[in-house]
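Let the hints inform the model, and build the full structure from the sequences given.
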Amino acid sequence: MYEQQLSKALAVEGLSQEEVLLALETPKDSKLGDISLPCFKFAKTLRQAPPMIAAKLLPYVEKLDFVDKVEVVGGYLNIFYSRRHIVGGLKAYAVDNEVVGTSKEGAGKTICLDYSSVNIAKPFHIGHLSTTVIGGALYRIFKHLGYNVVGINHLGDWGTQFGKLIVATRKWSSLEEVANNDEYFLTSLYVRYHKEAEEHPEMDDEARAWFKRIEDGEKEANAYFDVFKEVTMKAVSTIYDRLKIKFDSYAGESFYNDKMEPCLDILREKKLLVESDGAQVVNLDEYGMPPCLLVKADGATLYATRDIAAAYYRKQTYDFYKCLYVVAYQQNLHFKQLFQVLKLMDFAGKDDMEHVAYGMVSMEDGAMSTRSGRVVWLKDVLDKAVEKAEKIIEEKNPNIKDKKQIAESVGVGAVIFSALWNNRIKDIVFSFDKVLNFDGETSPYVQYTYARCLSALRKGGDIDFAAVDYSAIASDEAYEVAKSVLSFGDSVEQAAKLREPCMVSRHIVDLAEKFNRFYIDHRIVVDDAGTRNARLLLTQAVANTLKTGLSLLGIDAPNEM
RNA sequence: GUUCUCGUAGCGUAAUAGGAUAACGCAAUCGCCUCCUAAGCGAUAGACUCCCAGUUCGAUUCUGGGCGGGAACGCCA
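Counting in the numbering used here, the first sequence runs from 67 upward without gaps.
Calculated from the structure, these hints are not laboratory results. Incorrect hints may appear among the rest.
Computed spacing ranges between beta-carbons, pair by pair [as the list claims (entries may be wrong)]:
(1) Gly212 x Glu242: 46 to 54 Å
(2) Glu264 x Pro357: 30 to 38 Å
(3) Leu88 x Gly212: 23 to 31 Å
(4) Gly155 x Lys457: 36 to 44 Å
(5) Glu242 x Ala173: 47 to 55 Å
All C-beta atoms in this analysis are idealised placements derived from N, C-alpha and C, irrespective of residue type, glycine included.
Pasting the structure below:
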């Protein structure tokens, strides 16, 4: 808030507006001020002691109308805003929750966002949660800032695993049985295949042969393929609905089958593709990386080949400003290689490719594996969380309406939130205890705070904006709340810039904490009209901000809970 | 072996392009519901920010070197 005006006013005594803007910071302790300018770094160029510089700058700030008080502490210039001035800005947030934290920074820019990208024939397990909800949150955050976003589910619908599934289906089941069962049945076939293939390696040859038949477009093989895809997509879309995840495109690996050849031609033309042990690779020695393998010795293409084709297709189709891949850090090298190859190809979007990496999920006893059957299915986690929410509601608020709906919002929200709370690079060791904890820094806490706001607003009646006495919300506690509401947009912008949804999660929890502190010591619905309307205004602004923040993360805000 | 990444109270984590006394939650102990939702609020206790150097007025943050966890390193995706 006010950084622009302050930096303009402080572009004096040999300082530039840019360097002031860069140096301005919010003190950790609000007792030190609303905003502060550390003057240490100016000491060298100005040839003066930091406190002297701060003292010299003080008069330029003091006269600003939104500034109440300025102090020099050590080498810091600490600035206190006029609380009345700040608090007055809340009205817009209270009146219209459509504008909370929005901006126009993304106008006219398209972002391609590749996330979730499920593998066909593998049910959703908790390892897929991060890419899905981080991607989903980024999708909404970018949209909130005015970007045009293309959400892409780059389906893993290609590869020998389909051959394996055909073999398994023919051996132990039938097309009809698979079609009439859920995705777990399909998985059980997959698991059984791997168990038996250990002793009968000839099964793998059979599987490869079947996959070749899919590739060749043979009818029988593709009938199996279609059923596998259908069964998986049906199950996955139920999960997406619960997580409020949407895509604009499901163009997956199979989609790019006929689009790789032109890319390989470019590579050949530029003499980048060289033969190595029968395979065709792009050498990346110069860039300190192992070669990028694009065509196997048997002529088949690889994951990276399809990614190149996808990059070209996306640039051509969407003319993206940025193309982001929300994929685990496991694939760091893959993306580094991919982006380098695209640079060598002089691809039009070569400077706008970005890997948004996140940490891995493991279980207490090690890594997860669908093959070995050691997994936690996301559906089970969601169901357990909802069940627990239901139990708590039954205990605390048994007469509430729409119990089921609220339990779903709270339970699913808690699961989503747990994946969006930390910096995305952090690894996660999955634990039911952690995910099912609804106390403290969790979405149920934020939802609870929201419901509290609404409850007070219901009791208080309509806000009479003309009657608001702004000085009534200038107490320390109220002022902290107000500042948090007004800086919500900054967090959204940070979240977009850093591709870190946790900036939003952190902000709304912080706001909820501040509001609850305010709520405990200040009655909102009081007789005095000026005070009451002011507090209702603040409460409404908080409610709108919390709801907006939750919705950016893909979490519902029930009116009661 | 090489490269990348992470290492902060018992546990999970924050710390705004290096800033002021390292913050929050869980767990623990104690306190607060005749009053707008106690899924809440407050208090106590808990840290040589893995180690050693360096850069800097200032390092959890940057650089180098260790130690420890994770990941990747050609015919999978």
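### Query
So which hints don't hold here, by number, going up?
As far as the earlier hints go, not one is violated by this structure.
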